[in-house]
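Q: Just so you know, the protein sequences line up as chains A and L, in that order.
Here the numbering used here is used: the first residue of the first sequence is 1, the next is one more, and so on.
Here the numbering used here is used: the first residue of the second sequence is 1001, the next is one more, and so on.
Check the hints yourself; a few may be wrong.
[As the list claims (entries may be wrong)] Covered stretches of chain A, as calculated for chain L (at least 3 residues, CB under 8 angstroms):
1. 150-162
2. 182-194
[To be verified] Computed beta-carbon distance windows for the label pairs:
3. A:Leu-166 - L:Asp-1202: 40 to 50 angstroms
4. L:Gln-1217 - A:Asp-132: 50 to 60 angstroms
5. L:Pro-1261 - A:Pro-213: 31 to 41 angstroms
6. L:Pro-1261 - A:Leu-71: 49 to 59 angstroms
Keep in mind the hints are simulated off the structure, nothing from the lab.
Note that beta-carbon positions come from the ideal geometry of N, C-alpha and C, so glycine has one too.
Chain by chain, the residues:
There are 2 protein chains.
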Amino acid sequence: MRTKKKKEAAVVSLCHFFAMAATHWEDSVKSLKGVILDMCGVLYDAGEDGGSPIPGSVEAVRRLKASDLQLRFCTNETQATREEFVAKLQRMGFDISVSEVFSPAPAAVAVLKERGLRPHLLVYDGVVPEFDSVEKANPNCVVIGDAAEKFSYQNLNDAFRVLMGLEKPVLFSLGRGKYYKEDDGLKLDVGVYMKALEYACDIEAEVIGKPDPMFFQKVLDDMGIQSHQTLMIGDDLVNDVGGAQHCGMKGVQVRTGKYRPSDEKHPTVTADGYVDNLAEAVDTILKLRGQ
Amino acid sequence: MRTKKKKEAAVVSLCHFFAMAATHWEDSVKSLKGVILDMCGVLYDAGEDGGSPIPGSVEAVRRLKASDLQLRFCTNETQATREEFVAKLQRMGFDISVSEVFSPAPAAVAVLKERGLRPHLLVYDGVVPEFDSVEKANPNCVVIGDAAEKFSYQNLNDAFRVLMGLEKPVLFSLGRGKYYKEDDGLKLDVGVYMKALEYACDIEAEVIGKPDPMFFQKVLDDMGIQSHQTLMIGDDLVNDVGGAQHCGMKGVQVRTGKYRPSDEKHPTVTADGYVDNLAEAVDTILKLRGQ
């Protein structure tokens, strides 16, 4: 019972910390050394034709790059290889390179090789080449990504049968997002199918991508800075903002992409700040830093 | 804290009750007044061609009907109308009529009409006629059944968008099963997609069908007997056996259908007995009753 009380107290103080943190993101701007940007919903809106940049975002990235802040991009995008994805962003006008982008598929490949696992893949066709170097015959785990239309009943059932055939089923989910926004409306994300397979097989998936702290830590390591010196800007309150806060970063939500007004009254996650879009966030940051 | 302790004590005594109940199902056979049979996995195995009867089950149903016990059938089947479903069983040789069969779709129709709800349906084509009498324009709730191949990404996303467009999303799930067995292997059931939508929309579904106590109660009311006078026989440990036990009935699991040996070591549900198949269960019951 004592342990339970301690845990409850810890949760309360954690919630208190988050509540305290809210509304003060501007106060920490001067001590920032780096910024991490989510991509879909912050830089661009996804769509059938590849999507289009959110007004002001191309210029905002250019201004951040010209500042003294480090900049990285962190996405749970798993519909294309990182190379193709970055090329798309470059065509939209963004100043961005592959080495600045952190996405789940390359991180998953590293984990699979480290643990000698052979995946059954349920991912979008475009991201399959990321797994070229991984042995896939006689699978002993399942990897799911944002497979979109490939999440057919047949394909989900095939993944389910692989898991049920394993003595100790291992499921990796490239992110745990609920949905994202495309031009024509909201679309179900990988987390929804992760929950489906978790329930079907009575297992818990290992998440690779945001909000996994290890995933964020790799970005911080690459910049060589500490979490309290870093600001995350995203449109996903739970996975971007909450995930970053959980690691000790500040988290700001943009009112673009999948943002919904109800996010600002979320029962467990309160952003350190809300801005209308990336342009406003960058404008505020650079003004406060006198740049 | 006191309430929590009381709750914990209640859970412990409930678990104790279930543990006590186990292994003694034969002791209660003489006081039985009725039997409820699950259908798929107990009477027949499903399959592409409509399935085939499990050896001994046709004769077992005939013997039960000739005894002094009441008999009802209780299924979460939602791939056909009750009429078509019963006709299929009759073609297999079962002595069964529509009025003896309890299935979720007619129960759902009653709930929808009672609450003035207009459903967006994500169900198998074959069961759609059950909902003919229900207004469906401008939907203000979603009903999902075992839609099998109709659980495409597009269809699940459409149901998700309907829910997200409602001020207070209402989701009905016709059962909460994880999977069932067809001739060619295990197949994902409606509960998996219920969990997917619950997670996506941050809601809790209302389950219509086993193991919902109200669903079992309607069967008991129809027989005019009490739960402690009733035995449920099913292949689904959680939904058939656990659900029935939760209502005060005895629950026996058959080792046919979706049964897996690991069921006999389930962490929270222990059947009152295990039998190889329905024929063995009926043989035991009738012998102990001297019939």
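Q: Each hint needs a verdict: does it hold in this structure or not?
A: Going through the hints against the structure:
1. 150-162: Contact hint for the segment 150-162 of chain A vs chain L: holds, 9 residues under 8 angstroms.
2. 182-194: Coverage by chain L holds here, the residue count being 7 at a Cβ distance below 8 angstroms.
3. A:Leu-166 - L:Asp-1202: 40 to 50 angstroms: Violated: the Cβ-Cβ distance is about 31 angstroms, outside 40 to 50 angstroms.
4. L:Gln-1217 - A:Asp-132: 50 to 60 angstroms: holds (57 angstroms)
5. L:Pro-1261 - A:Pro-213: 31 to 41 angstroms: holds (38 angstroms)
6. L:Pro-1261 - A:Leu-71: 49 to 59 angstroms: holds (55 angstroms)
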